[in-house]
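**Student:** Take a look at the letters that make up each chain.
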Amino acid sequence: MGAEIVTISTDTKFTHLAWQRHEGELSDVSYSMGADTTGKLGRLFGVYDTTTGLTRRGTFLVDPTGRLVMAEVSADNIGRNIDELMRKFKASLYVSRKTTEACPAKWKDEESRTLSPSARMVGRVREALES
Amino acid sequence: MQDYRNPILVGDSVPDFTLDTYEPSAQDFGSFELAKAKAAGRWSILFFYPADFTFV
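Quick mapping for you: the protein sequence lines, in order, are chains B and H. Going by this note's numbering, the residue at position 99 of the first sequence is 99; the numbering climbs one at a time, nothing skipped. Adding 1000 to a residue's 1-based position in the second sequence gives its number in this note's numbering.
Among these hints, one or two may not hold up.
What the hints assert, rightly or not - Label pairs and their in silico Cβ distance ranges:
1) H:P1015 - B:E127: 21 to 27 angstroms
2) B:N81 - H:T1018: 50 to 56 angstroms
3) H:S1025 - B:V122: 46 to 52 angstroms
Said to hold, decoys possible - With a straight-line Cα cutoff of 30 angstroms, these simulated DSS-like cross-link-like pairs (lysine-lysine) come out:
4) B:K90 - B:K108
5) B:K98 - H:K1038
6) B:K40 - H:K1038
7) B:K106 - H:K1036
Just so you know, the hints here were simulated from the structure itself, not pulled from any lab data. Remember, it's a predicted structure, so these values are computed and weren't measured experimentally. Every residue, glycine too, gets a C-beta built ideally from N, C-alpha and C.
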């Protein structure tokens, strides 16, 4: 389940280096630390705050064809949870392989129940989940 | 990089871009290119946050 992970702020790569070396919580990181110093990438994804010049907490998932499949932006004082992201990433991988299925709200992993939307399921989602 | 006026939405194609990076695994500077990730058949997770030296 590999993905290129890039963390991005408007800090420079030099600041990223200094922060990663200084902050013990970051001693084991293996992802890339991207420098969006102009904020152009942040603007592209709608997370650049023109009043502060900083980027908001936004997470975006791009599939191998370059299509944006998930976007999530939260307020500055809400930290993100890696489990929440991983569930959506796993679900995205799953439906990219099984294109007629959908992962419902309670989907957790490959063992979880999926749905195959069709005319028969309209108004009968509960029955489809229980059958 | 082009200056984009309208943010992209889910379902849109993300334009190719390149970002300067620091690569902790190599303890060196590098770059991230979306085109390279696509060519390698890889998914990309972009994780924006406000500022270094704060919580993420």
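**Student:** A separate judgement is required for each hint: does it hold in the structure or not?
**Tutor:** Results for each hint:
| no. | hint | verdict |
| --- | --- | --- |
| 1 | H:P1015 - B:E127: 21 to 27 angstroms | violated, 43 angstroms |
| 2 | B:N81 - H:T1018: 50 to 56 angstroms | violated, 29 angstroms |
| 3 | H:S1025 - B:V122: 46 to 52 angstroms | holds, 49 angstroms |
| 4 | B:K90 - B:K108 | holds, 8 angstroms |
| 5 | B:K98 - H:K1038 | holds, 20 angstroms |
| 6 | B:K40 - H:K1038 | holds, 21 angstroms |
| 7 | B:K106 - H:K1036 | violated, 34 angstroms |
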